[in-house]
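Chemist: Fit chain B to the supplied structure of chain A, relying on the hints for placement.
First to last, the sequence lines map onto chains A and B.
Just so we're aligned, residue 4 is where the first sequence starts under the working numbering, counting upward by one.
Just so we're aligned, residue 5 is where the second sequence starts under the working numbering, counting upward by one.
The set of hints was computed from the structure by calculation and includes no laboratory data.
The structure displayed is predicted, hence computed values, not measured ones.
Just so you know, not all the hints are guaranteed correct.
[Unchecked claim] Some chain A residues near chain B, calculated using beta-carbon distances under 8 Å:
(1) 22
(2) 23
(3) 248
(4) 252
(5) 305
[Claimed, not checked] Computed footprint of chain A on chain B; a stretch qualifies when at least three of its residues, placed anywhere within it, have a C-beta under 8 Å from a C-beta of chain A:
(6) 45–58
(7) 65–74
(8) 83–91
(9) 99–105
(10) 132–140
All C-beta atoms, glycine included, are put in the ideal place defined by N, C-alpha and C.
These are the residues of each chain, in order.
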Amino acid sequence: MVDSVAGSVGNMERRASAGDRSARAKFAIVLLAVLLGVTVLLSLASGASDASALAVVRDGLFPSMSDGSALSERDRIIVYDIRLPRVVLGVLIGSALAVSGAVMQGLFRNPLADPGLVGVSAGAGLGAIVVIVLGGTVLGPLLAILGIYTLPLAAFAGALATTLVLYRVATRRGQTSIATMLLAGIALGAMAGAFSGIMVYLADDRQLRDLTFWGLGSLAGATWTKIAAAGPIIALALIASPFLARGLNALALGEAAAHHLGIPVQWFKNVAIVSVAAATGASVAVSGGIGFVGIVVPHLLRLIIGPDNRYLLPASALLGASMLLLADAISRTIVAPAELPLGIITAAGGGPFFLWILLRKRGLLDL
Amino acid sequence: MIEAQNISVSIGSRRIISDVDFEVRPGEIAAIVGPNGSGKTTFLKALTGDLPYTGRVVINNRDMAGLKPWETASMRAVLPQSTALSFPFTVHEIVKLGLMSGRSGALAGEERNLPERALVRVDLDGFAGRFYQELSGGEQQRVQLARVLCQVWAPVLDGNPRYLFLDEPVSSLDIKHQLIIMDIARDFALRGGGVVAILHDLNLTAMYADRIFVMHRGRLAAAGTPQEVLSDDLISEVFECGLKVGRLPAGNTPFVLPQSAAV
Numbered sequence: 004m005v006d007s008v009a010g011s012v013g014n015m016e017r018r019a020s021a022g023d024r025s026a027r028a029k030f031a032i033v034l035l036a037v038l039l040g041v042t043v044l045l046s047l048a049s050g051a052s053d054a055s056a057l058a059v060v061r062d063g064l065f066p067s068m069s070d071g072s073a074l075s076e077r078d079r080i081i082v083y084d085i086r087l088p089r090v091v092l093g094v095l096i097g098s099a100l101a102v103s104g105a106v107m108q109g110l111f112r113n114p115l116a117d118p119g120l121v122g123v124s125a126g127a128g129l130g131a132i133v134v135i136v137l138g139g140t141v142l143g144p145l146l147a148i149l150g151i152y153t154l155p156l157a158a159f160a161g162a163l164a165t166t167l168v169l170y171r172v173a174t175r176r177g178q179t180s181i182a183t184m185l186l187a188g189i190a191l192g193a194m195a196g197a198f199s200g201i202m203v204y205l206a207d208d209r210q211l212r213d214l215t216f217w218g219l220g221s222l223a224g225a226t227w228t229k230i231a232a233a234g235p236i237i238a239l240a241l242i243a244s245p246f247l248a249r250g251l252n253a254l255a256l257g258e259a260a261a262h263h264l265g266i267p268v269q270w271f272k273n274v275a276i277v278s279v280a281a282a283t284g285a286s287v288a289v290s291g292g293i294g295f296v297g298i299v300v301p302h303l304l305r306l307i308i309g310p311d312n313r314y315l316l317p318a319s320a321l322l323g324a325s326m327l328l329l330a331d332a333i334s335r336t337i338v339a340p341a342e343l344p345l346g347i348i349t350a351a352g353g354g355p356f357f358l359w360i361l362l363r364k365r366g367l368l369d370l
Numbered sequence: 005m006i007e008a009q010n011i012s013v014s015i016g017s018r019r020i021i022s023d024v025d026f027e028v029r030p031g032e033i034a035a036i037v038g039p040n041g042s043g044k045t046t047f048l049k050a051l052t053g054d055l056p057y058t059g060r061v062v063i064n065n066r067d068m069a070g071l072k073p074w075e076t077a078s079m080r081a082v083l084p085q086s087t088a089l090s091f092p093f094t095v096h097e098i099v100k101l102g103l104m105s106g107r108s109g110a111l112a113g114e115e116r117n118l119p120e121r122a123l124v125r126v127d128l129d130g131f132a133g134r135f136y137q138e139l140s141g142g143e144q145q146r147v148q149l150a151r152v153l154c155q156v157w158a159p160v161l162d163g164n165p166r167y168l169f170l171d172e173p174v175s176s177l178d179i180k181h182q183l184i185i186m187d188i189a190r191d192f193a194l195r196g197g198g199v200v201a202i203l204h205d206l207n208l209t210a211m212y213a214d215r216i217f218v219m220h221r222g223r224l225a226a227a228g229t230p231q232e233v234l235s236d237d238l239i240s241e242v243f244e245c246g247l248k249v250g251r252l253p254a255g256n257t258p259f260v261l262p263q264s265a266a267v
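Bound-form chain A, shown alone (with noise of 0.2 Å):
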């Protein structure tokens, strides 16, 4: 008797790993770091020009190893100026879009669920589009009291009533619907558009030319000042998102039995939608919709993983940014000196991954 305790007891501890994904989740988030390191240095030496951006670093931090060949002024911009800007919002984008698929996934409790394919972006970029057409014009005052912030937090509040409506719609009783928000997210989709073309319609040669590249979704054009304006409230959202993990935690197991386990539900699901919507909001504000980055990722990653989500959502949010870089990369390079705008590279990619993975969970659809 005492003996095949001990007995059980010894095979408890060697299977004490079975099933715990943990130390291969926090191994994969030190790979995936190092992955964004390497990613943000050969986005920095790339481009249409010659300039190397590790000799930019590398006079910037240690002048004393400067082997004397001085860096023309004109490289010293494009590496500061130009480069650093695109890939500090490549970054920020990046984990934002992939951050925010993942909880949203979370939050809605089914791994379909992506800002891009239920309306949400569309919402946010409304928003967007509101204020770049009615700007000069009606919401002037606005403008001029809430400055470069006008743009990001507009497309935030278009994310945020997209968010909400989309959620009273597709949840009952606690109980999320695939089908339900998928089709609503469809109606939400195309309301926005339709207000979205009334404002193109409005909209004046310049405004027009603006929209068309703003709407493909691109980094082009990524400033110092753009980052300013977008940063803080993706920034505060990507804060937020690791205190939001154990909740997603529990309410993988539905919204009563993470009552049951201690979690302030309602509460909950507000700050998961609001974080979910300033960080899509702010991404479409600067960048346009960027389409399946908020679905490829978390789903590569949960297989991988494990869909634990205190290494779900920090591993999104580097690979995330690592794979907006690289597809920025290919934009930049495929037609250069043209460019391709990047919301074409992660469609043309993520469409098909999208299709695989509906093939693979088919059964989960259940219209």
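Modeler: Leaving out everything else, chain B in the frame of chain A:
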């Protein structure tokens, strides 16, 4: 002790539960029985704070209405009828969610092994690495019970009894696992906790419950010990078919009672 007085629940304009009184003491299993649609689950949801109710629920001398979710989470754990997941969690990861509230009551150093020990208790030794979604309904139900057990591992915390709420804990289980699960409930009660269970099997109820609450059309039809409650008249009326307590089947029709099990 949990005491509920005059509990009524309405959903929309429809009254589902009317004036139900209920209590469960530490050391006891209180079973709620009744036909489908009699309001058992709705009443349990009022007790666990999932549905708004009128009346008063007092848990360990504190009014439930004034407690924060994390406070109630340290006093009671709830096993739902079934739980479907849309993300690929492993069994270990699900069971570990029970430790989230941080008040398992296990000794320091024991907590790390708690998920595995809970799985052994529900007869799922070695399932930790499996994917939850790949298990059968009965296995999933036992994984959830292991999670719930982790949440209130010690039936008494800081001198206060804790409670298990089980909504049809054995309805998808085979007879062996029905007995294992009910033994876990009895053990929890014997060590000083309280158990509230919705049950359908009257034989299991008679075997394990210390007190039975019979619900009928949203009201309490009877309450008392199994001997008091399980009478021909009462259960015939409540279940609307002429049942006889203790009557053996005619001829040589075989019948199997859980009471006959030698565990």
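Chemist: State for each hint whether it applies.
Modeler: Consistency of the hints with the structure:
1. At its closest, the beta carbon of residue 22 (chain A) sits 3 Å from a beta carbon of chain B; the interface hint therefore holds under the 8 Å criterion.
2. Because the closest C-beta pair between residue 23 (chain A) and chain B is about 5 Å apart, less than 8 Å, the hint holds.
3. At about 11 Å, the closest approach between the beta carbon of residue 248 (chain A) and any beta carbon in chain B exceeds 8 Å, and the interface hint on this residue is violated.
4. Because the smallest distance between the Cβ of residue 252 (chain A) and any Cβ of chain B comes to about 6 Å, under 8 Å, the interface hint for this residue holds.
5. The interface hint given for residue 305 (chain A) is met, as the beta carbon of that residue sits about 6 Å from the closest beta carbon of chain B, less than 8 Å.
6. Remark: the region 45–58 of chain B is confirmed as covered by chain A, as 4 of its residues place a Cβ nearer than 8 Å to a Cβ of that chain, reaching the required three.
7. Coverage of a stretch by a chain is defined here by at least three residues with a beta carbon nearer than 8 Å to that chain's beta carbons; for the region 65–74 of chain B and chain A the count is 3, and the condition holds.
8. With a threshold of 8 Å between beta carbons, the proposed coverage of the region 83–91 of chain B by chain A holds, since 5 of its residues qualify and at least three are required.
9. Figure legend: the region 99–105 of chain B, annotated as covered by chain A; annotation consistent (5 residues with Cβ-Cβ distances under 8 Å, at least 3 required).
10. As drawn, the region 132–140 of chain B meets chain A at 3 residues by the rule of a beta-carbon pair under 8 Å; at three or more, the given contact holds.
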